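Trainee: Residue strings, one per chain:
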Amino acid sequence: MSGTDLIKGYPKYLRESIQNVEKTRERRLKESFELMSLDERDELLKTFHPDYRKEGKRQVKFGPNKGDLMPHEVVDILEAHPLVDPNTIDLSPVDFDVSILIIGGGGGGMTAALWALYSGVNAEDILIVQKLRLMDSNSVMSQGGIQAADKTNDSPTMHYLDIIGGGHFTNNPELVRTLVMDAPLIIKWHEELGVMYDRVADGTMSTLSGGGASRKRMHSARDYTGMEIVRNLKDEILNKNLPVLEFTSAVELIMDEYDQVAGAVLYDMETHRYHVVRAKLTILATGGFGRLHIQGFQTTNHYGATGDGVALACHVGAKLKDLDSVQYHPTGAAYPEQIVGLLVTEKVRNLGAQPVNRNGDQFVYPLEPRDVEASAIIRECYERNKGIETPTGMRGVWLDSPMIEIIHGEGTISKLLPAMYRQNIRFDIDMTKDPILVFPTLHFQNGGIEMINDKTETSVSGLLACGEVTGGVHGKNRLMGNSILEYSVYGRRAGIFAAKRAQKVKLGKLSLDHVGRYKEMLKETGVKTTKKAPILLPEYRGEGVLSRALNLL
Amino acid sequence: MENSEKIMARVYIMGRDHLVPSGLTIMKAMEYVGYKFIRGAGCRGGFCGACATIYRMKNDYKLRVALACQETVKDGMFLAQIPFTPANKVIYDLDQLSPTVSVFLELYPEVAKCVSCNTCTKACPQDLEVMDYVQASLRGDFEKVAFLSFDCISCGLCAMRCPAEIAPHRIAELARRLYGKYIMPRAQHVEKRIKEIETGKYDEEVKKLMSIGLNELKKLYVEREIEK
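In order, the protein sequence lines correspond to chains A and B.
Counting from 1, one number per residue, gives the positions in the first sequence under the working numbering.
Counting from 1, one number per residue, gives the positions in the second sequence under the working numbering.
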């Protein structure tokens with residue numbers, strides 16, 4: 001940073017562009033940019049959305065998803081050598097024998113554990129496995145809010161229509177119905193846990209609009225909504241003495257002789273020992289794949305979001321769905337360099353901030369569905385060349401955050417967006433006075449392991465899944481506020497269903513033969529790769545070190 | 001920043017000196033020199049408290065705090081990450097508690113030892129008024145504790161620095177949960193909607209949307225009224 005003089009966080013040439021934004025602000029406060037028609041949306045997406053770049057994808061070569069187009073980075077982990085040689089694992093002493101194994105300790109996994117407990121399963125018959133610390137997940141980073149149609153001018157029907165349209169009519173209707181119908185009871189459950197949703201004096205929720213939503217149904221807790229929810233869940237998990245293995249990853253699912261998933265092989269990342277878990281039901285709640293950096297994009301995602309769940313599920317032959325579709329959040333931070341790619345919550349736009357180009361002009365309705373909004377920003381920067389170039393050569397557009405203070409009054413940002421304010425003021429940027437620079441960033445895995453019904457079952461017996469790792473609910477595009485809702489609704493349903501189903505499951509002899517079969521397919525189809533999966537953690541070490549690395553200890 | 005690849009900073013990671021490109025965050029600088037995090041990295045966005053870091057500047061007595069993912073390296077920084085902050089977590093059944101002034105003293109009696117030294121506040125990388133909320137808990141002012149502590153990311157640095165051995169973030173967590181559960185007014189419209197859904201009020205409407213043709217569905221979607 002030294003070497004460049006910054007004025008309140010920005011170099012002089014960016015200050016000049018900010019003046020354009022200031023000049024048009026008064027006019028824009030009265031302007032309303034038109035929503036796009038469905039045809040305009042289609043055209044824009046086809047030309048500018050990264051999902052439509054053919055060179056970014058290839059077909060899966062084998063298995064139940066053979067022929068499906070997916071990003072190279074995803075196919076790379078679906079067609080990789082298993083991380084662990086199955087011949088080195090001894091399944092005979094079972095280390096943990098439980099009813100329900102939950103892989104992933106984010107929002108979905110914790111919700112599933114609590115509802116399994118509420119449904120009568122003893123705490124000691126449940127095991128949560130978590131790669132890092134309990135609650136380390138994308139759930140903790142979700143800022144903007146959770147949708148639920150619980151106001152009088154709203155209805156689950158309207159919520160349903162918003163979701164289906166936002167997903168370009170590709171969603172599984174049954175899963176959407178359950179999502180919208182269960183939403184209000186999730187809000188109530190959260191209230192009972194103590195979640196402090198923003199509300200007015202009589203208790204009415206202070207709900208906001210969101211991209212692609214026809215009603216103001218976004219419930220939030222400042223811009224720490226995800227954190228507020230999961231810390232309540234975590235405290236409850238601890239209070240109920242639910243067993244958790246932290247810093248432990250599932251490296252392979254175990255099956256039995258009846259072709260059911262029957263547990264997992266776990267790897268303790270700190271001591272390097274492995275554990276064998278036998279479980280009547282296994283719930284995959286491993287989250288998304290942002291850290292695969294699809295098409296080289298920066299990401300908003302947690303350090304552990306490496307797509308492990310889809311790799312594990314692929315080894316047992318699970319059907320995947322909509323994994324060709326990646327969500328790029330329209331507004332990732334584009335400046336300063338230290339925070340590039342981090343989320344600028346949609347709540348900033350919900351509260352009235354408009355995206356504008358370097359001349360200070362609007363170019364898109366601020367609350368289009370995310371893929372449309374993101375594509376419009378890419379078009380502005382790379383076709384119309386009206387973006388702003390940062391000192392490191394990245395392009396972005398302004399997000400005119402000071403509008404929020406004008407519309408809702410001074411102090412609104414520090415009250416409703418403290419995380420965003422903090423993220424910027426750490427670099428001397430005062431978003432109450434100056435706009436911030438944004439560009440789309442890799443945010444969410446729209447598809448995943450196919451949930452075949454609203455009981456969270458997958459195509460493989462004994463394997464349930466909930467949250468970001470699944471596919472079907474959002475179709476090809478998720479709307480804001482539906483990710484917390486998804487892990488809550490389906491985490492709850494996974495817990496309830498697993499509790500019921502576990503009573504009937506009879507397990508046979510445990511085996512890892514399916515891993516051998518997977519390796520055979522890899523060989524037969526002639527896939528050449530040095531990669532291993534699941535990858536567990538992304539590689540960010542410097543090249544200088546990696547090029548001279550020895551693994552001796 | 002145009003010259004950033006040439007400008008390096010000398011930092012001392014757990015005592016060992018390294019040259020790293022200035023402009024990197026502490027976390028990225030540690031990765032640059034070869035650390036692969038298992039502990040000490042989480043969301044990488046300032047939300048999870050996994051990367052609590054303490055540092056001193058060369059020739060300066062002052063102990064400073066940072067989140068490794070949010071702070072830029074500075075020349076002469078001596079730093080170490082805190083892999084885990086031990087802090088007693090009392091097990092309770094929220095349904096059996098009530099938001100009374102005595103609840104803190106019963107569950108976390110050490111809170112009474114607070115000497116108002118303000119060390120906790122100085123140790124907070126989120127710049128929260130930690131001491132103020134600890135004091136508010138002693139007065140039973142749940143609202144104040146809940147809102148002053150709301151942006152806490154539970155990194156635990158306050159608990160590591162408190163000379164009275166209080167874990168302020170645990171007090172705050174208890175206060176917020178009790179405030180959210182028992183003191184905040186409940187949303188009546190949520191309860192009402194749940195009953196409507198349970199009695200099947202929307203079943204037919206949604207079923208219809210699920211069964212109509214794609215063109216009709218698209219028409220309904222495009223023509224739906226948007227609340228401004």
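Hint data in this document are derived by calculation from the structure and do not stem from the laboratory.
Being a predicted model, the structure only gives us computed values, none of them experimental.
Do not rely on the hints blindly, as some may be mistaken.
Each computed DSSO-like pair below joins lysine-lysine, with the alpha-carbon atoms no more than 27 angstroms apart [to be verified]:
id, chain 1, residue 1, chain 2, residue 2
1, A, K151, B, K28
2, A, K23, A, K386
3, B, K36, A, K455
4, B, K228, A, K188
5, A, K30, B, K228
6, B, K36, A, K532
7, A, K151, A, K216
8, A, K455, A, K66
9, B, K113, B, K28
Sample of chain B residues lacking proximity to chain A, with all beta carbon distances greater than 12 angstroms (derived) [claimed, not checked]:
id, residue
10, G15
11, R56
12, L105
13, A112
14, T119
15, D141
16, C152
17, R177
Here are the computed distance ranges between Cβ atoms for each label pair [said to hold, decoys possible]:
id, chain 1, residue 1, chain 2, residue 2, range
18, A, P11, B, S211, 51 to 59 angstroms
19, A, P64, B, P83, 34 to 42 angstroms
20, A, K455, B, Y182, 27 to 35 angstroms
21, B, I183, A, D85, 49 to 57 angstroms
22, B, I212, A, P64, 27 to 35 angstroms
Beta carbons: idealized from backbone N, C-alpha and C, even for Gly.
Trainee: Taking the hints in turn, state whether each one holds.
Mentor: Evaluated hints:
no. : hint                                 : result
1   : K151/A to K28/B                      : 45 angstroms, violated
2   : K23/A to K386/A                      : 17 angstroms, holds
3   : K36/B to K455/A                      : 38 angstroms, violated
4   : K228/B to K188/A                     : 26 angstroms, holds
5   : K30/A to K228/B                      : 13 angstroms, holds
6   : K36/B to K532/A                      : 17 angstroms, holds
7   : K151/A to K216/A                     : 8 angstroms, holds
8   : K455/A to K66/A                      : 26 angstroms, holds
9   : K113/B to K28/B                      : 39 angstroms, violated
10  : G15                                  : 18 angstroms, holds
11  : R56                                  : 20 angstroms, holds
12  : L105                                 : 19 angstroms, holds
13  : A112                                 : 22 angstroms, holds
14  : T119                                 : 21 angstroms, holds
15  : D141                                 : 15 angstroms, holds
16  : C152                                 : 9 angstroms, violated
17  : R177                                 : 4 angstroms, violated
18  : P11/A to S211/B: 51 to 59 angstroms  : 58 angstroms, holds
19  : P64/A to P83/B: 34 to 42 angstroms   : 41 angstroms, holds
20  : K455/A to Y182/B: 27 to 35 angstroms : 34 angstroms, holds
21  : I183/B to D85/A: 49 to 57 angstroms  : 56 angstroms, holds
22  : I212/B to P64/A: 27 to 35 angstroms  : 31 angstroms, holds
Violated hints for the displayed structure, listed by number in ascending order: 1, 3, 9, 16 and 17.
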